[in-house]
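Protein sequence lines, in the order shown, are assigned to chains A and B.
Using the working numbering, the first residue of the first sequence is number 1, and each one after it goes up by one.
Using the working numbering, the first residue of the second sequence is number 1001, and each one after it goes up by one.
There's no promise every hint is true.
Stated by the list, open to error - Straight-line alpha carbon distances no greater than 20 Å define the calculated PhoX-like cross-link-like pairs of lysine-lysine that follow:
{"hint": "1", "chain 1": "A", "residue 1": "Lys398", "chain 2": "A", "residue 2": "Lys357"}
{"hint": "2", "chain 1": "A", "residue 1": "Lys151", "chain 2": "B", "residue 2": "Lys1023"}
{"hint": "3", "chain 1": "A", "residue 1": "Lys202", "chain 2": "A", "residue 2": "Lys174"}
{"hint": "4", "chain 1": "A", "residue 1": "Lys305", "chain 2": "A", "residue 2": "Lys261"}
{"hint": "5", "chain 1": "B", "residue 1": "Lys1004", "chain 2": "A", "residue 2": "Lys316"}
{"hint": "6", "chain 1": "A", "residue 1": "Lys202", "chain 2": "A", "residue 2": "Lys264"}
{"hint": "7", "chain 1": "A", "residue 1": "Lys123", "chain 2": "A", "residue 2": "Lys86"}
{"hint": "8", "chain 1": "A", "residue 1": "Lys183", "chain 2": "A", "residue 2": "Lys270"}
{"hint": "9", "chain 1": "A", "residue 1": "Lys312", "chain 2": "B", "residue 2": "Lys1157"}
{"hint": "10", "chain 1": "A", "residue 1": "Lys357", "chain 2": "A", "residue 2": "Lys388"}
{"hint": "11", "chain 1": "A", "residue 1": "Lys326", "chain 2": "A", "residue 2": "Lys316"}
{"hint": "12", "chain 1": "A", "residue 1": "Lys388", "chain 2": "A", "residue 2": "Lys398"}
{"hint": "13", "chain 1": "A", "residue 1": "Lys221", "chain 2": "A", "residue 2": "Lys235"}
{"hint": "14", "chain 1": "A", "residue 1": "Lys320", "chain 2": "A", "residue 2": "Lys305"}
{"hint": "15", "chain 1": "B", "residue 1": "Lys1157", "chain 2": "A", "residue 2": "Lys305"}
{"hint": "16", "chain 1": "A", "residue 1": "Lys375", "chain 2": "A", "residue 2": "Lys398"}
{"hint": "17", "chain 1": "A", "residue 1": "Lys122", "chain 2": "A", "residue 2": "Lys151"}
{"hint": "18", "chain 1": "A", "residue 1": "Lys242", "chain 2": "A", "residue 2": "Lys183"}
{"hint": "19", "chain 1": "A", "residue 1": "Lys183", "chain 2": "A", "residue 2": "Lys202"}
{"hint": "20", "chain 1": "A", "residue 1": "Lys174", "chain 2": "B", "residue 2": "Lys1155"}
{"hint": "21", "chain 1": "A", "residue 1": "Lys312", "chain 2": "A", "residue 2": "Lys351"}
{"hint": "22", "chain 1": "A", "residue 1": "Lys305", "chain 2": "B", "residue 2": "Lys1023"}
{"hint": "23", "chain 1": "A", "residue 1": "Lys174", "chain 2": "B", "residue 2": "Lys1004"}
{"hint": "24", "chain 1": "A", "residue 1": "Lys123", "chain 2": "A", "residue 2": "Lys36"}
{"hint": "25", "chain 1": "A", "residue 1": "Lys312", "chain 2": "B", "residue 2": "Lys1023"}
{"hint": "26", "chain 1": "A", "residue 1": "Lys320", "chain 2": "B", "residue 2": "Lys1023"}
{"hint": "27", "chain 1": "A", "residue 1": "Lys36", "chain 2": "A", "residue 2": "Lys11"}
I should point out that these hints are in silico values taken from the structure, not numbers from a laboratory.
Here is what each chain is made of, one letter per residue.
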Amino acid sequence: MNIIVVGLSHKTAPIEIREKLAFSESSLEEALRRVKELPEIREGLIISTCNRVEIYANSSDNAQGPPRLSKFLSEYHQIPLEQVQKYTYNYTEQEAVHHLFRVASSLDSMVVGEPQILGQVKKAYQDALEYQATAGIFNRLFTRAFSVAKKVRTETGIANHAVSISFAAVELTKKIFGSLEEKLVMLIGAGEMAELAAKHLKSNGVREVLVTSRTYQRAEKMAEEFQGTPLPFDKYFDFLDKVDIVICSAAAPHYLIRPDKVEKVMKARKNQPMFFIDISVPRNIDPEINHIANVYLYDIDDLEKVVEANIKERQKEAIKAEEIVKAEARQFHCWLESLEVVPTIKSLKEKTEAIRKKELEKSLSRLKELSPEQKEALEALTSSIINKILHDPITQLKKHELDGNDCLHLEVIRKLFNLD
Amino acid sequence: MLFKITLCLYFLATLTYLTCLYKQRPFLNRTASALLAGGFLTHSLELFSQYLDLGQAPVTNLPQSLSFFSWTLVAIYLLLQLRYQVIVLGSFLTPLALISILIAAALPSSTEPLDPVLRSYWFPIHVTSAFLGNGFFGLAFCSGIMYLLQEHQVKGKRMGFFYHRLPSLRILDEMNYRCLTLGFPLLTLGIISGSVWAEYAWGSYWNWDPKQTWSLITWLVYAALLHGRLTFGWRGRRAAILSILGFSVMLFTFVGVNLILKGAHNFI
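Extracted from the complex, chain B is given alone in its bound form (with noise of 0.2 Å):
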C-alpha cells in the first residue's frame, strides 16, 4: 500500500518537475517539492516496515535494490535542494528516480528464502556504500546530460529553450566533479567491503564473479575521469560525456550483469 502510494507521489512530482521546465512559476516548483518530499516520506517509510519484515536492509533482491537505488536519488537530491535551488536539476533526476522504481515495481518480487549469506555485519556497510555512490553517480550522469545539452546551445549560438531554463556551464561541470569526488570513494569502499565480505563468506575477495567484474569496470572509467580531471584538465564536455558512459556502465553492473549473466553475487 505505501509503495503504491509512493510510486502515485513520485509520478506526480516527476510531471510538475518536468512541467517547471516549461512554465517557470514558484508555486509550482512549490508543489513539486511538496509532492517529492511527501513520496520520500512514504517511501522511506515502506522500505523501514520492510526492513522491519526482513531484519535486514531490503536490498536482497533486484526489485528491492531498484527502489533502494531510487530512494538514494531522492535522498541526495533533497538534500541538494535544501542547500541550492536547483529545481532544473529535479526536471532531470526525478525520472530517472521514476524509471528505477517502475521497473521495481514491474518485476516479479522473489518469494525465495533469504540467502544465509546476507546475514552480516558487511551487509549495510557494503550496500550503502555502493548504493550511495551509485546515487552519486547518477547525479553527475544527470548534470552530464544537462551540460550537454547547454554546451550545445552556447557553441551553436542557438539561444533555445534550454539555453533559459539551464543554469550556467561552470556550475552544472562543477556539479559533475562535486559528484565525481563523493561517488568514488564510495564505490571503491563498497568494492573493497564486498571483497572483505566475500572473503569471509565465500573464501576469496576476488574471483571474477561477473558483478565483481564489471564494479571493476565501473570503477576503472570513474578512476579515469577522475585522473584525467585532476591531471590532464579534462573538464566539460569530456567530463560530461565520460560520466554518462560511467553511468551507462554502472547500470549494466546493477542490473545488466544479473538478467545477462549470472554468477554467486546472484542476489541483486
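Isolated chain A, as found in the complex (with noise of 0.2 Å):
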C-alpha cells in the first residue's frame, strides 16, 4: 500500500502542455474507473485545474505505479510518452504525502495563499468519493489534508494580505472607514483595474458607484455592471463633496483634480475622510493633495508597493507553513506505516512457520523409528528456535508501532525477509 502521484504544474509545463492533458468534468468518471482498473492500483483521485493536473493512487507496487500511472496519462491523451515524462513529477511514500499537504495548503500555487486550490482540492476528492474510486486511505489522506490546509490558514498569515492591486485598494479603503456601508464611489473613466477595484468595493457593500467617462455611452454601460449610476463628464466635478471614495482611471494629459477643489470639497464634507486611487497613467490626480488632512490618495506605484510588502510577509509566512506541512506529512506517513506492522508480523510468524513445517517434515521422513515422544520433542525444539528468534524483532516492531514519531522502515523489514 503506497501513495503514488504523478502529474504537471505551472512549475513543469507551460500552458499548452497542460491543457493537452487536463480532465475536463465529464470525462473524469471513466478515467477514474480507467485508473482504478490498472494493475496493482486500489485507489484513485485526479486533480485538473487551469493550473495543474495530478493522479493520486494507491498502489501496491512503488517502483511499478509512476511509470504505470504516466503511461495512463499518455495513452488517454494520445501525448508521446517521452513528451509526458518531460513534463511530469512523480514521488511515492511520505514524499506523496507531502506533496498533496502543500497543495491543498495553496503552497504550491503560483500566488501562495490563494484560497481557490483547496476547494478544487476538496471538489476532487468529492467526485473521487462519489464514482466510489477512493477507499479507507485515501479518505483518511484526503481528510487530513484538507484539515492540514486549515491548520495553516488558520496559524500562519500565508492568506492574510491583498497580492493584488484591486484587493490592496479595498484592504486600504477598510483601514481608513471601517466599514464600507453607505459609502459612496466614484469611477472616473476605465480601465480593467479600476473596474475591478469598483466591482470588489460593491460587493463589499458600498451604497453605491457612480461611474463617468468622457463618452457618456461608455459610462452607462459600466454603470450597468454595478448597478451604478452614470454622470456625464461635465458634471461629474460637482458631486466630489458627496462622495467618499474616487477612483481615477481617466487618460487625461494633465490633472484632473487639484489641491484647491479638494479642500473646498472637504470644507463641504465638514472633514469626512477621503479616499482618492489614481491608477491612470500619467497622474490624473496632484499627489500635492494627499498633505490635506483626512485625505488619502494612492497612485499606481504606492499600490505596487504595498503589494510588494505583502507578498514579502506572505513569503515569511510560508516558511512557517512549509514547516507545519512537513511535520504532518511525516506523522500521517508513520501512522500509514504502523497499519502495516500487524500484517507483517503475521507474514513473519507464517512464513518461518511455513519453512519449519517444510524442514521438520523433510528431517522426520529421513529420520526413521521416532518415538511419539521423539517426534514431540523435535516439534518442540523447532518452535522454540522460531519464536526465540522472531521474539526481538516482533517487539521491536510492536514498540515501534506505539511510538507514532520514530517511524520504523517495514520496507526495510518486509525486503529483508522477502515477505511480499
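Reconstruct the complex from the two isolated chains, following the hints.
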C-alpha cells in the first residue's frame, strides 16, 4: 500500500502542455474508472485545474506505480510518452503525502496563499468519492490534507494580505473607513483595474458606484455592471463632495483634480475622510492633495509597493507553513506505516512457520523409527528456535507501532525477509 | 498585601498585552484579559477594604487618587472589552494604568489625619464624576495616539508594524468622539459638584484655587474640541492631537498642581 502521485503544474509545464493533459469534468468518471483498473492500483483521484493536473493513486507497487500512471496519461490523451515524462513529476510514499499537503495548503500555487486550490482539491475528492474511486486510505489521507490546509491558514499569515492591486485598494479602503456600508464610490474613466477595484468595493457593501467617462455611453455601459449611476463628464465635479472614494483611471494629459478643489470639497464634507485612488498614467490627480488633512491618495506605484510588501509577508509566513506541512506529512506517513505492523508480524510468523514445517517434514521422513515423544521433542525444539529468533524483531516492531513519531521502515523488514 | 498582588497582576497583564501587540494569538489575548481581570478584582477588594477603614472613598490624597484613577481606567477598559473585542486598545491603556499605580506605590503614603472638610456627601459625587471623566479622557488619549500612529502609516504609505495591528482610522476616531461625549459631561458635573461643595465648606463657589483654575482650563480645552467636532468638523488628526493635549492638561491638573502649585484643594 503506497501513495503515489504523477502530475504536472505551472512550475513544470507551459499552458499548451497542461491543457492537452487536462481532464474535463465530464470525462472524470471514465478516467477514474480506468485508473482503478490499472494493475496494483486500489484507489485513485484526479485533480485537474488550469494550473495543474495530478493523478493520485494507492498502489501496492512502488516501483511500477508511477510509470503506469505516466503511461495512462500518455494513452488517454494521445500524447507521446516521452513528452509526458518530460513535463511531469512523480512522488511516492512520504514525499507524495508531503506534496499533497503542500498543494492543498496553497504552498505550491502560483500565488501562495490563494484560496481557490483548497476548494478545487475538495471537489476532486468529492468526485472521486462519488465514483467510488477511493477507499479507507485515501479517505483518511484527503480528510487529513483538508485539516492541514485549514491549520496552515489559521496558524500562519499566508492568506492574510492583499496581493493584487485591486484587493490592496479595497484593504486600504477598509483601513480608512472601517465598514464600507453607506459609502459612495466614484469611478472616473474606464480601465480593467479600476473596474475590478470598483467591483470588489461593490461586493464589499458600498452603497453606490457613480461612473463617469468622457463618452457618456461608455459610462452608461459600465454603470450597468455595478448597478451604478452614470454621470456626464462635465457634471461629475459637482458630486465630489458627496463621494467618499474616488477611483481615477482617465486618460487625461493633465491633472483633473487639484488641491484647491479638494480643500473646498473637504470643507463641504465637514472633513469626512476621502480616499483617492489614481490608477492613471500619467497621473490625473495632483499628488499634493495627499498633504490635506483626512485626505488619502494612492497612485499605482504606491499600490504596487503595498502588494510587494504583502507578498514578502506571505513568503515569510510560507516558511512557517512549510514547517507545519512537513511535520504533518511525516506524522501521517508514520501512521500509514503503523497500519502495516500487524500484517507484517503475521506474514513473518507465517513465513517462518511454513519453513519450520517443511524442514521438519523433510527431517522426519529421513529419520525412521522415532518414538512419539521424540517426534514431539523435535516439534517443540523447532518451534522454540523460531519463537526465540522472532521474539526480538516482533517486540521491536510492536514497540514502534505505538511510537508514532519514530517510524520503523517496514519496507526494509519486508525486503529483508522477502515478505511480499 | 492586596495592593502588592494588584501591582504584580497589572504588571504581568501589561507585559502580556504588549506581547499581544507583537504576536496575535488567541491564547495570549485570553491570558492578558484574565490577568487584568484578576488584578482588577484584587484592586477592587483593596479599595473596598480601604473604604471600610476610612469610612470614606479612598481618594483622600495623591497616592490614593492615582491608584483609584488606575482602577477607573481598568474598569472602563474591561467594560469596553466585553462589548467590543479591542485587545489592541488594551496594549495602549494598560501601560497608562500601570504607570498610574506605580507612581501611587512610589509616593510616600500620608499619615496626616483626614481633613474634616472631606466628610461630606458631596465627596463621592465630586470624586466619582471627576475620576470617571478623567478615565474616559485617558481612553480618548490612547485612541488619539493610536489614531496618529495609524494615520502616519496610511498617509505615509508605510504598511509597517502598526498598520496591520491597529483598527481602522474611522473606528479610532469614533472611539475618540464617544469618549469625549461621555467624559465631558462627567468632568462638567465634577467641576460643578466641586464648586457647590466648596461653597458649603469654604464659603465661596470659586476662589481661583490652582486646582479649580486648571480644572477650568482642562474643561475649556475639551469644550473647544467638542465644539470644533460638532460645528467645524474637527475630526481625525486635529481631534486626536487635541485629545492628547487635553489629557496632558488634565494630568497637570490632577498631579502637577499638587506638586508644583499649592492651594486649599490640597488633599489630592
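#### Entry: Hints violated by the structure (listed by number, smallest first)
Going through the list in order, the structure violates hints 1, 4, 5, 6, 7, 14, 16, 21, 22, 23 and 27 and respects the others.
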